[in-house]
Each structure stands twice: as structure tokens, then as C-alpha cells.
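*Asks:* Using the hints, position chains B and C with the ligands against chain A.
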Amino acid sequence: MSQLAHVHQEEMSYARRLRLNRWGLWMFLVSESFMFAGLFAARFYLWGNTRPELDQTLGLVLTSILLVSSFFMNRAEVAISQGHRKEFLRSLLVTFFLGAAFLVGVVGFEWGLFLPEGPHIRPSDGAFGAVLYGMTGMHAFHVLTGLIFILVVWNLGRKGGFSPERYWGVEACAVYWHFVDLVWVFFYPALYLIGEVAKLH
Amino acid sequence: MKRHLVRALVLIVVLAAGLGYLVYTGFEVFVPTLASAEGERIDQLLRLQFFLIAAIFSLVVGFALYAVFAFRRRPGDETAGPSIHGHSLLEISWTLVPLLIVLGLSAMTTRDFFWIRRPDHDLLIRVTGQQFSWIFEYPEQGIKSGELVVPEGKRIKFEIHSADVVHSFWVPEWRVKEDAVPGLTTYAYITPSREGAFKVRCAELCGAGHANMLAPVRVVSQEEFEAWVAQQKPPADPVELGKRLVEQYCVACHSLDGSKKVGPTFLGMFGRQTPLTDGTTVTVDEAYIQASIRDPKAQVVEGFQPVMPAFGPDQLSDEEVAAIVAFLKTLKE
Amino acid sequence: MVHLMSTALVRGLLGQAVGFLLGLVLVLAGRGLLGLDTSWEAARQPALVSAALVSVLGFMLASGMVEDWLKEMRGEPAPLRHGPPEGRPGWWRYLSVDYNHKVIGIQYGATSIILLGLAGLVAVIFRLELTKPGIEFLDPNRFNTLIGWHGIVMIAAILLGVGGMANYLIPLMVGARDMAFPRLNAFAFWINVPAVVLVVLALFWGWDTGWTGYPPLGVFSLAGIDLFYIGVFVVGLSSILGAINIIATSLGMRARGMTLFRMPIFVWAMLATSLIALTATQLIGLSFLMVVLERTFGMHFFTPILTEHAKAIGSPPGNPLLFQHLFWFYSHPAVYIFVLPGLGIISELLPVFSRKPLFGYKWVAMASMAIALVGFLVWGHHMFTSGMSDIMRVTMMWTTLLVAVPTGIKFFNWLGTMWGGKLTFPTPMLFVLGALSIFLIGGLSGPPNGTVTTDLFLHDTYWIVGHFHATMFGGFLFPYIAAVYYWFPKVTGRMYNERLGKLHFWLMTPAFWAMSLSQMMAGLWGMRRRIVDYDPALGIEPFHLVTTVAGIVIFIAMLIFVGNIVWSAVKGPVAEANPWKSRSPEFQVPSPVPEFNYDRPLVVVGDPYDYARPEPYVVFASSSAAD
Ligand code: HEA
Ligand code: HEA
Ligand code: CUA
Ligand SMILES: [Cu+2]
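Chains as they are written, first to last, in my numbering: chain A, 55 to 255; chain B, 1446 to 1778; chain C, 278 to 904.
For reference, chain A alone in the conformation it holds in the complex:
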């Protein structure tokens, strides 16, 4: 029996396995984008042409951090594909810390956990609160899983788990991270830029 199992494993070439894996990942992202699109649509359905007053500096800083992290993620992927293991690990760590900084920014400042006076907008504040926390929360959840993913890949990389020929794990992690970034590219303007600031009563 074990011999048969062996046959089955080897039957599929790495190239073919890789192709299937890529399909799988991209399909998963297509699926996820429907969920994010749902949130995006909910924002326009509920907020229309208004938006709450948010800290513009914070938004800009967060967005820049995330975009820069994608750059380092890309460097990591290129590095492993050329066999530069050291640089690969270093870039991965930079990505991780940038991502973590983003997360802290959202949770600590936008959600007010680190602010002594608490958040300016609370989850229970009508559609503003619900959508703001819904969108940032869902995105933050994905950033969090991305960070875990990066750590796992970093750890495997440290143990020599990838080679320039076989680095599917890195590729998957990178594609996922870019995807999470891309989502923010849509979310950021939807939350911070589009529409007029609601009048304060």
C-alpha cells in the first residue's frame, strides 16, 4: 500500500503541482475579493456621499507604510528566486515589521486603544461606526493572518526550506500580501477621501 501511495505522490510533477497551486491561490483571492467588494458596496450604500471626520495624517501614514511593505515583500521574493537567502530573510522581516506597524496604527490609534480619550468614533455609532470598524476590522484580520503567514515563511526560510527553483511558499505569501495591500488601496479612499465630511451637530 505504501508503495502505491508513493506512486501517487510522484505522479504529479512539481511544475504541474505549482500550476494547480497557483490556480488555487488565485481562486481563493477572487473569492475573497467578493467579500471585500461586499464591504465596499456596503460603505457606499450606507454612507452615500458623506464620511466621518477621520485623522487624515494617520490615514496617509498607514497607507504609506503598507505600500512600502509591499515593496519589501517583492524584494524578498526576487531575492529567493536568485538564491540570496540572507537578503530574502531580511526583506521578509522588514515586511513583517511594517505590516505590524500598520496593524498597531489601526488598532491602537484609529480604534483608539492607545488613545487616553478613547476613540473618536465608536463601533456603535450608527452606520459610521459599523462600517468603519467593519472595513478596517476585516482588513486588519487579513493583515494579521498575513503577518502569521510571513512568520511561518520566514521560519521555513531560515531552516533552508526554499530554493531558487522551489519557493512556492514564498510566492504564495507574497501574492497574498500584495492582495491585502491592494484591498487597502480601495478601502483607504473609501474611508478617508471620498465624499463630504458629515456636518457635526
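Derived from the structure by calculation, the hints contain no laboratory data. Remember, it's a predicted structure, so these values are computed and weren't measured experimentally. Among these hints, one or two may not hold up.
Claimed, not checked - Derived pair list, reagent style EDC-like, types lysine to aspartate or glutamate, alpha-carbon separation capped at 16 Å:
#	chain 1	residue 1	chain 2	residue 2
1	C	639	B	1536
2	C	699	B	1522
3	B	1599	B	1585
4	A	253	C	585
5	A	213	C	585
6	B	1644	C	413
7	B	1705	B	1747
*Replies:* Then chains B and C with the ligands, alone, in the frame of chain A:
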């Protein structure tokens, strides 16, 4: 093959004639009494679609039945059927014909729909659904009622609200229904075309009382309607007004004679000491009654479930609440 | 006993129980630390949410379904376990995490039949309540819980049944040895089990919104609703992962020579189905998640409640219609998830029992795609009376009615397939023909709902109930039963009892017609949906009586079915490898299908259904070279 086709077509025509006859004679039996002008358009379209269903059903089932009987394999025949893979002309025609039918149906419906939804009207009635009753307000007449009374032949615009969850305003004989959605105002337009007594039946699941969320409807002549309006005008005397409001909104749960219903009786309530579930005791005074109406869940009487709905200013104005209090004061043991 | 305790099922359930308690404790302790009210009344809602989530995790960890992935994450080798486990009895692998697609297919199928039975039993219970007007033995909240439970569990049974057919058949049909992602496949199945447990637990606290879970009622509902929302959310996750696997397998693992238009037609149907499941499912998940957030954290997405502070910052209120849009954006396409595989089965079996090629193969295949795609544009037809704008209602009507066209194409091509063939009528064919007629009446009762004006009348009445029972019986249940009978000899190597099969058919079909027609009639006469008590003045009592009796007869017929397959699987006569003389590849290998399906690669050389031609559909390559 031609022979088969002719026979199958005969079967189909017979089937279609039978089902068509059923629809033709039976349609009035299939649907409730028709009692609105808008419903007439709806019934026409429904009848047309029933004929269509009869025809298409006969077509498909006729062919299938015929095939089942004519093309069964003879015993001992091990050969396969002919190697026919398709027929483009047939495919195109059975794509186009249904397409034309559904486009036609859509066009007809679009016309009817905008006719039904046109904004002109003779009378405005504001409907509010709440768990589990209906309130009808006639802003132009300045009256409010738990019974829906409307004049025959007048186009009525119903402005529909909800105080809590989604309900749906529906009188089957009028055909049209429209949901009552909290936070939104929705509209239905109806021209009652037949006098009689009907019922509003809540058509959207709204909780435990959904099944019994009914309200009486009376369609009357214009004169009777005016007479009813005159009689409904809120009496100037607050006690009279309060009495009417209590009979309308409260007696389902509170008795006036001392018996216990869903809620405590009103008889002798004013001035008595009431124990609450939180262990404290309050004296029933004007402020307490007002608070009980506006926010009943804040103070719940011991021994009762917190099921009393809150009556906001949309349902009972401050004056009306005062009138209720005035009336309740008169109920002494 | 030792074996039973070591199955993933038992270990998983134990893990789930532990997780559930842990989840409760977490919230209670957390609230205690924060100085919040820890009485059960106050803490119940968040505690149940947390318990539900942690319990699913508990199941995952304890059952071992994620073991390989955890190993891979740690960099340890995790070779794909395959083949029957050594030193275990035969049934053991069916209750364990096994990566063989056929085992997983049977796990799906068996679970779906169990759920069907439970939901059917519940239907019979609330039907007894409805036989007479008045409230007999179910109080309103319990009644509402039961109908919602019936609806959602039936729908879960359908999704699992579809998963069963797809998993068992697709690798066989495309000539692969397994699915593209076997571990993901096992994960997608097993995740359903804790989900179902949650939905069953929801019965205990109850919920009163029906399967649609509309807020604001859903926000204020009984405590069981969180378990319902989370359970369905997890089933949705399974559906998405399953879809990824099915698409990757059917596009990426096809045998040599199997071009897209030479695939067995069922694969097309599953491809279309999976496109819907892959994308739309996210939206029901999102909508349910949002209600749970609203219930737990007071995030008012759907309820127009504005706090003082919200007013101060100028926030707009939540809107109940948003939920309906998100919900139906999935749940309409979902009905095509239910029906496309069924129609695929009809298209697959008709040629076999007509001994004739499938008429208009490309049209049938493209019709599946068209139904799936147009299906995305019609969700608003469930909201014709919801207060949606008039323009939107009319637009949604035009798109809705368009679906009739590709569906019609399928019907006419089926007639073309039968016409001039050599028809035989064993049980699977009977159920195919039954499906055809029943789905026809179900489908034809769709356009009256689709035209806005008539739907203003028909919406939320038993007419709709009749409509969807007919579509789901004709579009799913009957084809599913046909598939079980048809592939039974292939799966078990034994033959079912033909006489019992015929009895099943002749009991079930007339009973179904009686049930559905009487539901439709009651609806036209004014019977509303989801009411525990109805007005005797409507005169609909006879229809209710017929519905109840017919429902019971269906239940009995289905018991005969389950009895037949269980008994025959053990004691039935040994079946030939190809009892139906089918051209399909799975019938060219011995029954039951060997562990790795095909020991030599397949090459497609002919047409899948052309029974008059001498050359077969597939041959086995002489060398065993892969790729
Ligand atoms: C398998 C499931 C399934 C399928 C396939 C369908 C198919 C269709 N359904 Fe149905 N539907 C449901 C399951 C399904 N439905 C469920 C579960 C609900 C209720 C949900 C709830 O509220 O709980 C529902 C509710 C529902 C509504 C909402 C009703 C309401 O609540 O007010 C509407 C409205 O448009 C509708 C329409 C249609 C249409 C137009 C089709 C079409 O796809 C049908 C197309 C088929 C045909 C028309 C027959 C074959 C065609 C021909 C032979 C060609 C010639 C025909 C013509 C020219 C007309 N359905
Ligand atoms: C596949 C889907 C499916 C199936 C098969 C059924 C089957 C039945 N349904 Fe159901 N029904 C729904 C899906 C389905 N229903 C949905 C989605 C709703 C909407 C819920 C809502 O409004 O929220 C609904 C609602 C619904 C209502 C409306 C409730 C209301 O609005 O008040 C009614 C009322 O008559 C009803 C009746 C029945 C009956 C009598 C059967 C009978 O056919 C049942 C007969 C029994 C079976 C078909 C199963 C038998 C199987 C076995 C016996 C196997 C045994 C197994 C083992 C031993 C392992 N159903
Ligand atoms: Cu109100 Cu149902
Ligand atoms: Cu639909």
C-alpha cells in the same frame, strides 16, 4: 419520424386544451375575490401566465410522454439510437421563441407596474406596523384608528412605516403588498373596487405574533366613509379621548375590569403601589404611567413578562398620552 | 470501541465540546476581569458567539484535519497519506480524515442523507401542527425555529449532496486519480461537521427569523440565532473551498484528449456551479457576520438606531435593506448551486438510458454557464415588495425572466435526446423523468414570481413555498436520488433492489405532486408563509391536510430508499462493472472503483455519449507515463 411528430403534437394539443380549459374556467376559483383596480391588472397578467404555463407544460410533457411510450426499447433490441448530435436551427428557434415570450412578459409587466405605482391619489393613509398590530393614521382627516376604513373607488396612497422589525402590509383581495421597513418609508397604491370586510395580514415574518398580526379592513361608500371620519374625530374631552385610545391600543393586554391578562389590569391602578422586578416599589402616578407607555422595559412589573411594546411619539403624541393618563385616573375600584 | 474512539469524528466532537466550554469560560472570565455583568442573562450572547467560534477550532484541532498543514508550517515532512489505513476495520476510514476523493464523496453523501432525514422529520412535525388551524402543540417561537431549521438544514443537505456527487464523480470523469488538493478536500468536508453541530445546538435556544435571518428581527431574535449564523458561515467556507478544488480539478487534471467540449456534461454543470459557490458565497458569509457583529458589538449596519454620539457626528443610520441585498446576492445564485448539478445529472443519464448522444451538447454546456452568470444579476426578485426603488425592481424583473431561456434550452435538448432513442426505464431513469416533470412545474412557476406585479401578490405566500419545493425536488432531490441509484453498483459493487426502487418512485412522485400543488393552491387562497396559525375562514384546510399527508408519504418513501441502499450495500447481489453499458470512463474499471481509479492514464478518443459508434469514449494508454 413525421408520423411520430404528428402524433406527439396531437397529444400536446389535447393536453394543452385540457389544462387551458382548467385555467379558463378555474381561474376565479384559484385566487381570492378581487377587490381593487390594481389587482385587476395583476390578475390579468397572472391569468395570462397560467395559460402560458399550461401551454409550455403540455409541450414539454407531451413530447416526453410520447417519447416514453413510442421510443421504448423493444425486448431483445441491443442496438443504439441514431447518432444525432444536434440541430442548429432547432437550437436557435427554441432559444429565440422563449426569449421573445419573456421579453414580451417583461414589457407588459413594466407597463402595468408603472401604472400601479403612479403617484396620483385621492387619499393618504399612514400605516405603521409594529409587533404585532397595525395603526392607521389619516393625516388629512386628522384621525387615527386600529381599523382600516376606506372609501370605494378612491385611489389611496399608503405610506408605510415600521416601528420595530420588517412587516408587510397585505390585503389578499387587493393583491398588492408592500413591506414596512424600519427606517424607511415605503408606499403602496390601491383603489378598492368592492365594498366589504377584509383583513390586513402581515406577510413578513416578524416574530412570535406574526401569524396573528391582523387588522380589520372595511371598504365602504364615500358617504359612509365621511360619516365614519366624523365619528372618529378625537373628542375634545381628554377622558373620552383617552378611553378611545385605550380601547384601541391597550385592552388587548390590560383589562378594565380587574381581571389579569397579559399585563396588569387598569382598574384601580392609579395611585396603587406596584412591586417591580428589580425589587423596588413605585407608586403609580402620572409620570410613571407616561414612562410605562414610552419605555415599558425600563420598569417591569413583578410577575409579568417584559413584552409590552414601546409607544413612541409617532404612535401616541404627548397629548394623547396625557389623555390616556386622564382616563386611567378615572378607573377607580 | 477503541477504533471508534480514534476516529476523527469522535475526537473532533470531543474537541468541539471542550472548545465550546472554553469559549463560554473565556467570555465570562473576560467580563469578570473587565468588571462587566457576568450573569448568564447579560453574558449569554457574547458567550455563545465565542463558544461557537472556539468550538469549531476545537473540532479542527482535535480531529486531526489540519495536522498535515501544521506539520508543513513547522517544516516537517507531511507526505500525503493514501490508501486504507492498516490495522483498522473497513468502516474506520469513513469516519476519519481520509484523502481519497471517493471516501470523501461518500462522507459528503452520507451526511447529506442524514441531514435530509432530520430536516424531513422536522417538516413532518410542523406539518402536523399546520394540518388544522389553531395552535396545537407548537408555540410560535418553537414553530418559527423549526421552519427555519428545516429550511437551512435542507439547504445544507443539498450543498453536501452536491459536494458528494462532485467529489466522487469529477476525478473519475476527467480521468484523474484524485482531486487537485486532497487535503483541502478533506478539510472542506470535515469543517461541515462542527457547523452542523452548531446548527443543531441552535435548536435549543431557538431563533425566529426563518432561514433568511433578516434583521432587525435577527438582531433582536432568540439566543440560538448566533449559532445559526456562525454554523451557516462555516458551511459557506466549506462550499468555497470545495469550489476551488472542483474548478482546479476539472480544468487542470483532465485526461489527454479531453477538450472542454468532450468532458462529461456533469463536469460542465459542476464548473458553472463552482463559479457561483466560489464567489457569491462570500456575501452570505459577510451578511451573517455583520449581523453577529451588530448583535455582539452593537455595530448598527442594519438597524436604524442612532446613539446620541452617532447623531452628534452626523452618522447616517443602518439600513435593513442592505442585508437583503447582500443576502440575496448569494442566496439567489445559490438556488442555481442547488439546481445546476441536478440538471447535469439529468443530462448525464438521459443519453445512457436513451442510447443516443446528448442532443446539442454545446448548447447544454453553455446554458449552464449562462444560467450561472445571469443568476448573478437577478437577486432583487426576492425584494420586489421590500421597498427597493421602482427602477431596480423593473430591472431585476427583466434579468430574472431571462433565466428561463437557457433553462428552456436544456429542457428542449433533453426532449431531443429522448426523441427517437431506445428508452429503458430502470429506477434511475424513472427518477430522471420524474425530475424533469417536477422541475418543469417548479421552473414554470418562477416567471409569475419574476414579473413584479404578480409577485406583489404572490410574495411570501405558500405559492412561493410550492414553487421552491418543486424546483428543489425536481432540480436537486430527484436527480440526486437518480444519481445514487445509478452509481450505486459502481460505488459498492452491489446492485440495489429494483422493486423497492420502483416502489420508492411510485410512492414519492404522486405524493410530491400532491404536496406541491396543494401548497401552491393554499398560497393563492391567501396562506402566508411562516405562520403557525391560519385563518379558517380562508378555506384552506383541505390543502393543508393534503400537504401533510403527502409529506408523510414522501418521508416513508425516502425511508424505503435508505433501507434499500443500506441493505443492498451489504447484502445485494454482486453487480457487473458496467451494468448500464455506459461509455463513461468510471464504468470501464471494476466495481467498486479501485483505490487510485485508473492504473493507466486515460486518453479520450471518441464522443462521451454516442452509443451508435464503435470507437469508445476513452481508452487506457499502454504506457503508464504521466502527463
Ligand atoms: C432549485 C432552486 C430554484 C430554482 C431553480 C429556481 C428557479 C427560478 N425561480 Fe425561484 N426560488 C427558490 C428556488 C429556486 N428557484 C427558493 C428556495 C425561493 C424562496 C426563497 C425564500 O424566500 O425562502 C425562490 C423564490 C423565488 C422568487 C421570489 C419570490 C418571492 O419571495 O416573492 C422568484 C421571483 O422572481 C423566483 C423566480 C424564479 C425563476 C424565474 C426561476 C427560473 O430559473 C426558472 C426557469 C425555468 C423555467 C421557466 C422552466 C423551463 C423553461 C422552458 C420550458 C422554456 C420556456 C419558458 C418560458 C418562455 C417561460 N424564485
Ligand atoms: C431540499 C429542500 C427541501 C425539501 C426536500 C423539503 C421537504 C419538505 N418541506 Fe420544506 N422547505 C424548504 C426546503 C425543503 N423542504 C425550505 C428552504 C423552506 C423555507 C424555510 C423558511 O421559510 O425559512 C421550506 C419550508 C417549508 C414549508 C413552509 C413553512 C412555512 O413557511 O410556514 C413547508 C410547509 O408545508 C414545508 C414542508 C415540507 C415537507 C412536508 C417536506 C417533505 O417533503 C419532507 C419529506 C422528507 C424528506 C424529503 C426527507 C426524508 C429522508 C429520509 C427519511 C432519510 C432518512 C435518513 C436516514 C435514516 C439516515 N417546507
Ligand atoms: Cu408583522 Cu409579520
Ligand atoms: Cu431567486
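*Asks:* Does each hint fit the structure? Answer for all of them.
*Replies:* Results for each hint:
Taking the CA atoms of residue 639 of chain C and residue 1536 of chain B, the gap is near 10 Å; set against the 16 Å cutoff, the hint holds. At roughly 9 Å between alpha-carbon atoms, residue 699 of chain C and residue 1522 of chain B fall within 16 Å of each other, so this suggested pair holds. Our distance criterion of 16 Å between C-alpha atoms is met by residue 1599 of chain B and residue 1585 of chain B, whose separation comes to about 14 Å. The suggested pairing of residue 253 of chain A with residue 585 of chain C holds, with an alpha-carbon distance near 15 Å, which does not exceed 16 Å.
Annotation: proposed proximity of residue 213 of chain A to residue 585 of chain C is violated, straight-line Cα distance about 56 Å (limit 16 Å). The straight-line distance between the Cα atoms of residue 1644 of chain B and residue 413 of chain C is roughly 23 Å, outside the 16 Å bound, and the hint therefore fails. Between residue 1705 of chain B and residue 1747 of chain B, the direct Cα distance comes to roughly 13 Å. Compliance with the 16 Å bound is thereby established for this hinted pair.
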